[in-house]
Each structure stands twice: as structure tokens, then as C-alpha cells.
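Student: The residues making up each chain are set out below.
Number of protein chains: 2
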Amino acid sequence: MTDARLKHYGWGREGEGMSTEERDFVLSRYKQKFGRAAFDTIVVPGLEDLALPTPRVTVPASLSRFCTSERYDRAAHAYGKSYPDYVRAMHGDYLCAPDFVAYPRDEKEISAVMDFAGSAGATLTPFGGGSSVCGGVEPRVDGIRYKAAVTLDLRNLNKVVEVDATSRAALIEAGTYGPSLEAQLKVHGFSLRHFPQSFEYSTLGGWIATRSGGHFASLYTHIDDFVESLRVIAPRGVVETRRLPGSGAGPSPDRLFIGSEGILGVISCAWMRLQPRPKFRAGASVRFASFFKAARAVRAIAQAGLYPSNCRILDPAEAYNTAAGDGSVAIMVLAFESGDHPLGVWMGRALECCADHGGSREQAQEQGQEQEQDAHLAGAAGIWRNAFIRMPYAREFLNPAGIINDTFETAITWDRFEDFHDKVKAATERAILQATGVRGEVTCRFTHIYPDGPAPYFSFHALGRHGALIKQWQAIKDAASDALIEAGGTITHHHAVGRDHRPWYDRQRPELFATALRAAKRELDPTGMLNPGVLIDL
Amino acid sequence: MTDARLKHYGWGREGEGMSTEERDFVLSRYKQKFGRAAFDTIVVPGLEDLALPTPRVTVPASLSRFCTSERYDRAAHAYGKSYPDYVRAMHGDYLCAPDFVAYPRDEKEISAVMDFAGSAGATLTPFGGGSSVCGGVEPRVDGIRYKAAVTLDLRNLNKVVEVDATSRAALIEAGTYGPSLEAQLKVHGFSLRHFPQSFEYSTLGGWIATRSGGHFASLYTHIDDFVESLRVIAPRGVVETRRLPGSGAGPSPDRLFIGSEGILGVISCAWMRLQPRPKFRAGASVRFASFFKAARAVRAIAQAGLYPSNCRILDPAEAYNTAAGDGSVAIMVLAFESGDHPLGVWMGRALECCADHGGSREQAQEQGQEQEQDAHLAGAAGIWRNAFIRMPYAREFLNPAGIINDTFETAITWDRFEDFHDKVKAATERAILQATGVRGEVTCRFTHIYPDGPAPYFSFHALGRHGALIKQWQAIKDAASDALIEAGGTITHHHAVGRDHRPWYDRQRPELFATALRAAKRELDPTGMLNPGVLIDL
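Residue numbers (the working numbering), protein chains in the order written: chain A, 1 to 538; chain B, 539 to 1076.
These are calculated hints, taken from the structure and not from any lab test.
It cannot be assumed that every hint is accurate.
[What the hints assert, rightly or not] Restraint ranges, calculated between C-beta atoms of paired labels, are given here:
#1 B:Arg-1045 - A:Phe-25: 45 to 53 Å
#2 B:Ser-657 - A:Glu-511: 53 to 61 Å
#3 A:Ser-119 - B:Asp-631: 54 to 62 Å
#4 B:Asp-680 - A:Arg-522: 22 to 30 Å
#5 A:Phe-195 - B:Glu-890: 24 to 32 Å
#6 A:Arg-145 - B:Pro-591: 37 to 45 Å
#7 A:Phe-25 - B:Ala-703: 40 to 48 Å
#8 B:Ala-703 - A:Ala-323: 37 to 45 Å
#9 B:Asp-864 - A:Lys-186: 43 to 51 Å
#10 B:Gln-901 - A:Gly-358: 56 to 64 Å
#11 A:Gly-12 - B:Glu-645: 35 to 43 Å
#12 A:Arg-522 - B:Pro-591: 48 to 56 Å
#13 B:Glu-645 - A:Arg-145: 23 to 31 Å
#14 A:Arg-145 - B:Arg-1045: 55 to 63 Å
Backbone N, C-alpha and C define an ideal beta-carbon position, used for all residues, glycine too.
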């Protein structure tokens, strides 16, 4: 790869980060929030200062052409991007680093690593872009059953192998990063149009393994819907499903592997359904007096059968934090797109739904058609979109400043939404105050919408204390997760389960489904090498 | 139930059937097709003339309030509605009749029957409306592992328990038949809008267990999409999934049970996503010079993001057989519906797609808005719709006349469709001639469409010979199924697998997926009582 390498700590590639202006803006919001002029900030150790444990196994000669135990590779594969990941990394705790990292170039090399892991009693951690925020890519050993840890980084499986323009589908290797995937498809006039926040630093295989949520706010919300067929390399053998537009032949084999988070096998490639590049766009920002009024408009739009590509709402505080609003109003970012037809009628009806609930469109409504098509890049919508993409860069300096900022997301049916929102928000606010002694902030937006309910996404901000950050974060996380599970939500709408969400996932999923999943895993991964502790225990 | 009871042989309830005019029309088409003035017709034995085997077990006292071994009940649960089912039934072969039929009134009674079956070494066959066309409801015993056969008919679980109008969802018991389900929802202003051909004589639980295909030709093609959560009673215990509009927490638990065809447990109820009753409709019939030209228009519409509720095409022979066309043109039945907004723009764009491929709208295009809204009930569209609903009644007199008529359905990506169609059609025609010595007919339509491919539905017509009917049918079925599996299709898009499709399903599904499914079944149904031989062998 010609790009700069990924940071071992922080977001994105080496040399990237927020500009001074962006950083100042973000910090100023936190200073204001917590009434502080400055923060007690620690220095994050550099790569060369890290004390990595001695590898428990060495790379065997047969794998040496694509495996390495170099310092950088081990450090860069020790963690995902969860809050406790950041804290441990900024304190130089790299005890969980893998013994070596494999970069297989084909399926045979994946199988060869599995054979080695089986014989060495090593665990195997599939790794896409490493953007997991739920403890999904941290290597595990226990010294008893699992004596060593190997990470399998799929980045060398990075090609669009074949494009079927007639059916609008492509065979894509699982290690392909978002930008490369889009660049390769663009040549053919297509797009996957799956743009999670992690888009630049995550891979197709990771998206499928974690049921990633993407660009479309409605209809095609998860990557699930775009999967036409899969190839999965399991320790026991290869699973390949048939390319079909639809089928009713037994339980869907694809759906067993979509969301399996690497515990059943390693996705090597997939036939994916593509979208045309949009020729028509209509976008608008709409203001509402309150988040719940905006939510009722969202419900009307979701139940109208209009299928907007964007229909996200920000509560007043969330809009303020990203400079998309002044803190007095909730904002809806509304957009339609099509490769086929103009969208005036669609947008017109959606704006009527907004007006029914007191929504007023931002000035753009006075503008002509041309401006309207770029409205998703302008005004509150554009400001929020930029903040959304840049946000992950803030953590690498916020965490050393002792600021605990994290997000959690869920879904709930409309009948329970308002009560659910209030309970979860209050429980999280209470936990922040109890854990840190300082009043924090909890904000909410919708990321995806359905006719039967929204996917609310909460952000929280707390002023932590160095030395207690993980404990403080855990207390807040526990309270928030307890509240949302008790009130009927899902522990994750698109961030996945990993290990961090296990206590609540275990309450959510039917016990006999876990029993069935364990039985399936025993067949596909008899030694249990793949991601132990993720989703299930054996 | 106050309705007449279901026929033990034939379609629907006792007293129902085709009128003399309908029967004459259908027979005249076959006389013309095969150049015959009359058919060699046998008499189907009445219920009282059947020799049912002596029950191998008797109803235990503890179950006697809801179980029976009456002649009618055993005979009416011996078969589904597949072609070989009809032939065996019309010859009075009822060897496979269950020893008794249970009509549980709640989940406790389902569990009680499972307990009995476990202790008696009996198989348990879940039974909804009995409309299976693939050997999915025939009781099985082998005298070794399985010593007796009990059928579990869910018809007493027939209520809409709760309606959540805000989220547009309802909790519905699994044994609810289509018409009752719609009648109970209508009171609340809602509809499930799932209208398979078997609608009147099939149940919600059956639809979910077999991944039934319904009303919507695009977008919400399978019942799968309407399932918000499920309750399943397995021999090992109860599985209940959480009501969620969307989730990314591990592989979907619902998707393991959707399409499981009763081998993992018995669906007792489900929260289902509802539709508003349509306020706006736009419909049209469009003629094309050929089936492939019509198919290309369908592809354009499917890829345009318009989501018609109907977009079915009939090849010229299929149109002729149902009197929807004169045999010279292919017909598209096109419709949009909405509870929210007028559909002129949607229909207008879809008709442009048709015109691009030479499609010309039937006269209705000159009519006003009011007529247009009823266009799905008029002209070729209406004629075909009526034939579609009435067709199943024809079999009960066609089969005794020695006519082999059956259907099979599949799905394939667009890039392979035309070649696929020709190969499957030719293989089936060849097999008919070889098996019967008489040229038959194979016609095709689309039932459902996707951006990446259609779901073609084939009908075939052959003149069989009494005494050889099943063998002749099997030779045709084998050739057709071989051809469609070899050419890349699925053995079923929405008819399910049952036992009849096993040889091809076994070639289609990944071997390791079957291994995983067997492992899951061993956990949920340790004695293997549920539907042995359906989907998998143990």
C-alpha cells in the first residue's frame, strides 16, 4: 500500500488529524461544557517507548512471507477504537498485543494460518480496519486453552474481482477498504454507497461481520441487505453461498455469517449489490422546536414509503456541539438521491410530513433546483456531515485530556421511543454525575429509521480523572446499557457486540439461540480459535 | 370455526370449487393443448371409502381434550398439496396419515404434545393450512427411531393479540389463517398485505416457517421482512426474540427460524410489521412483443428504485392460458399502492421504462384517474388476478383426468436470466416428451423482482397416463430441478424445500451450513421429533 500506515494510536493514518482550528473548536465546546479553562493532559507514549511483551510463539518459516512480529504491526493490532482501548493505549499498556500478525494474500494463506493456530493452540483474531468500538479485535490468550495470539489482517485481499453491470453486483475481496472499494467501482459507474463513519478505515469484511450501518438512513440500513453471496474460510473448511437475488430455501445461510463477528470463520470475499452513482439529489435541513417533534416527523416519513437516503435528526445539544444549530432547535438532515429520476415529489411529500409536525425548512427552500441538489453539502446538513466524518479524530487528544466521550446506539419501536429516550438519557446523566462528580452531557440523534421505529444514537461527555478513567467510563456504560436493555432496546444497532457488549447481549438474545450458535461454532471452529469471548463463550 | 371444514382431498373448504364455466374453460384449454376431445378420468374415493391404517398410538387421556384420531382429521392431515400428494390421495393411499391430530389451544398444550411425542418415540409434524407443495407436512415414521406420527395443527391459535398502531405492528398467533388475520387487522385500519396464492388456506406460522412470498412484487417480497419478533416452542424450551425495528447484535436470531420449516421448533406467535390500507392505487397492463423484452423493462423498473407493489410479467403462453392475452404478446401487470400519497409520478416513470423496451399500455391509459385506481381489477391484469386465485381449484379435477400440471419457481441474477430461462424451459419440455410421449407445454412468469434479478415461476402441462403419473411427474421434476440448479438458480424462491426439493437443496446449500443447522437442531430438538427429513437428515 502506498498510503501512510495506520496510526498505532488514534484515528486514521500517520500524519492525519484535526487542524488546529478544529481542535480549538472542539476543546472550546468542552471547556464551556465543564466550566474549565484547561484540562490536565497526559502525554501518549510513542511507538518506540512501548514495552511490548515477548512473543509467545515465533513466525514459522512456512508463513514468514506474509507474517511479521515487528513492533509496529503488533502494536497497531493490539486494540480497536473503543474508549477503554484508547485509555489503555495512551498509558502504554500493550499486554494484549498479538504475538504476530499475518497478512494473507489469498485464501490458502488464511487456511495456512488457521492450521498453524490450531497446532500451536493460538487464538486467531480476524482484523479488517480495526475500527471496532466494542472490543471485537483485541487478541486473547488465557495461558491454558489459548497459549498464543495471532491476528489475521485481511488488507491484502483488496480487489474488486468482477463487476456484473447487468445485475449491478460485484465480487469484492473482504479486506478492501472503503475508499479503495469505491474507487474501483467508480470505473464501472457504480458505488456500494455504504458509508459508515469509519468508511476510510474499515473494510468490506468487517462491515459484513459486524452488520455495519451505512449511508442509507432508511430501507438499506445495514450492509446485510447488500450481500448477495459470501465466501467464508472456517477452520473446518470453506463455506460458499450461491449468488441469488432472493431465495426461500431454508434459513438464509448468509444470515448466519452476517454479524457473526469472526467467530465462525473469516469472510474472504462477497458478491455485493451495487447502486448507480446518483444523478439526482434533493436535500434540506429542517428545524423543529423539539427532538420529539422532529421524531414524530421522522415517523411520518418512515411510514409514508418514501425511503429517504438521509433522514437523521439531531437533538438541540447535539446540533450545538457540531455547530449545526444554536442549541435551541432540533435539526433534521433530509435527503433523497436517485440514479434514475428527479426527486421533487418525494422531497415535497417529506417536507409536508415535517410541516405537519412544525418543521420549518432552512433558507435553502428559497433556492433553485441546482442549489437544492447540493443542499446535503450546505447549511446545517453540511456542517453536521463534516463534523460526523471528522469526529473520530478528536478522541486521540480528548482522552489524554481526561475527557470521557463515547457513544452508544440502539433501536426501539415507536410506541416506546419517547419514554425509552428519557429513561436512557436520565440514567446516563445520573451515572456521569455519580461516577465523576461533575455534571456531564448526553445528546441524541437518529442514525437510521424504520416504519416501526428509530435507531437512536447517544453521545455522552464527562470530565474524568486520570487514574480512574476506565472505571468511571465503565460505570457510565453499565448504567446506560442497563437502562436501554431494561427499556426494551437492542444493545447495538450497528456497532456490534464484541466483548464489551456481552453482558447485555446475553440478556437480549434468546438463551436457546446462543445454544444453537455455540453448537454451530463447535462444528465450524472445533478448537475454538476464532475470537474467543466474542458473542458467546464456549 | 364456523366455516365449512377443509377438504381432505382438493383445495379449500368442502362445497367450494370451480364453477362449471370455469371448469369447462380450463379443460377446453387442455383439450386444445393435447389435441384430445376427452380425458380418461378416474373417480376419487370419498372419505368413508378410505382405508386408514390402525393408529400406532392412541391419544393419551391427558391430551384428549384437544387431540383426535377421527377419520376425517387423520385423512385431512396426511398430505399437503403437491402433485404426488394429489395422486396418492386420489388413489386412496393414506398410509402416511398421522396416528392422531393435536389442536393445541395454547403454548402449554404444544409443549404437552412434544412431551408425549418424546416419550412415545413419535414424530411431530407442525401443520398450518396444509398448503405445502413440496412434501413439508407429510407425517413420517420408520418403525425404528420413529414409531408413531402426530400432527400438530395450530388452527386454534388464531387471534390478533395486540395491535401497536404507533409502530404499525401486531402480535399475531401463528395458526391464524389469512382471511381471519386480515379481518382482525381491518378493524384497526391495518393490513399485513401478505397475499400468497394460498392466502385463504394457509397461516401466519406456515408463511414464516417456509419464507412465503407474498403480495409485493418488489421490496417486501418475502414474509421475512415483516417479522419483527418471534416466539418459538422447541422441545428443549421457548425461544423469544426481542421486538426491534432493526438490530446488529450478532447473527439475527429471527433469521435462523424464518425458513426453518418446523425442524427447530413450532412458531407460536409473532410480532408482524403492518401496512396501512392503501388509499392510492395506480395500475396498468402493458403488452410486449416478447417475454425477454418485458423482462428488460422489469429490470429497468427494479433498478430504478420505484418499488411497485406489482410488476409481474406473463409470457405469451401463460397469458393465453389464463385468458389474459391472445398468445401473441407478453403481458406486464404493473401496480403501485400507497396509504400516503398519489402515485402518478411513480407510475409515469415505470411506464417510461416499459416504453423504452417497446411496451405499450392497454386501453386503460386513456381513462381517468378513478379508473386507473381500479386498473388492477380490470383488463388483462384483472383476468390474470382472478385466474391466479382460482387456479388451485383446478387440480382436483385435472389430476383425475390424467393431466400433470405443476409449477416450480426459482430466482437468478439478471446477467444469467435469459440463458437460464431457455435452458430450464428446454430441459423441462424435453423431459415431458420423454416421460409421456406427448408434447407438453412450459410457461413462465415473474412473481417477484429484485434489482439484481427476477424470480421466474414456471408452469408445466403434460398428458400423463394413469398408473404412471408419479413416475412421469418425477422424471419431469428431476429434469427441471437439475437444469435450474446447474444453471445457478435456487431450488425454491418461496415454495420451501420440504422433502421433495431435498436432492437439489443439498446441492445448493453449503455443506458446512447444513452441518451447522444439524448441530443447532440437535440442541433444540434432541430426539429429532420435528419433521424428520425436511431440510436435513440427522
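Student: Work down the list of hints and note, for each, if the structure agrees.
Tutor: Evaluation of the provided hints:
As the Cβ distance of Arg-1045 of chain B to Phe-25 of chain A is approximately 60 Å, the hint placing it in 45 to 53 Å is violated. Taking 53 to 61 Å as the suggested C-beta distance range, the pair Ser-657 of chain B and Glu-511 of chain A does not conform, at roughly 24 Å. For Ser-119 of chain A and Asp-631 of chain B, the Cβ-Cβ distance of about 57 Å falls inside the hinted range of 54 to 62 Å, so the restraint holds. A beta carbon spacing of about 28 Å between Asp-680 of chain B and Arg-522 of chain A agrees with the range 22 to 30 Å that was offered as a hint.
The hinted window of 24 to 32 Å between Phe-195 of chain A and Glu-890 of chain B holds, with their beta carbons roughly 30 Å apart. Taking 37 to 45 Å as the suggested C-beta distance range, the pair Arg-145 of chain A and Pro-591 of chain B does not conform, at roughly 54 Å. The given range of 40 to 48 Å is respected by Phe-25 of chain A and Ala-703 of chain B, whose C-beta atoms sit roughly 44 Å from each other. For the hinted restraint 37 to 45 Å between Ala-703 of chain B and Ala-323 of chain A, the CB-CB distance of approximately 38 Å keeps it satisfied.
Our hint of 43 to 51 Å for Asp-864 of chain B and Lys-186 of chain A holds, since their Cβ atoms are close to 47 Å apart. Distance hint for Gln-901 of chain B and Gly-358 of chain A: a CB-CB separation of about 46 Å, inconsistent with the stated range 56 to 64 Å. Here the CB-CB span from Gly-12 of chain A to Glu-645 of chain B is close to 53 Å, at odds with the stated 35 to 43 Å. Distance hint check for Arg-522 of chain A and Pro-591 of chain B: the Cβ-Cβ separation is about 41 Å, which falls outside the suggested range of 48 to 56 Å.
Separation of Glu-645 of chain B from Arg-145 of chain A is about 39 Å and departs from the stated range, judged on CB atoms against 23 to 31 Å. Separated by about 37 Å at the C-beta atoms, Arg-145 of chain A and Arg-1045 of chain B break the suggested range of 55 to 63 Å.
Consistency note: the structure conflicts with the earlier hints numbered 1, 2, 6, 10, 11, 12, 13 and 14.
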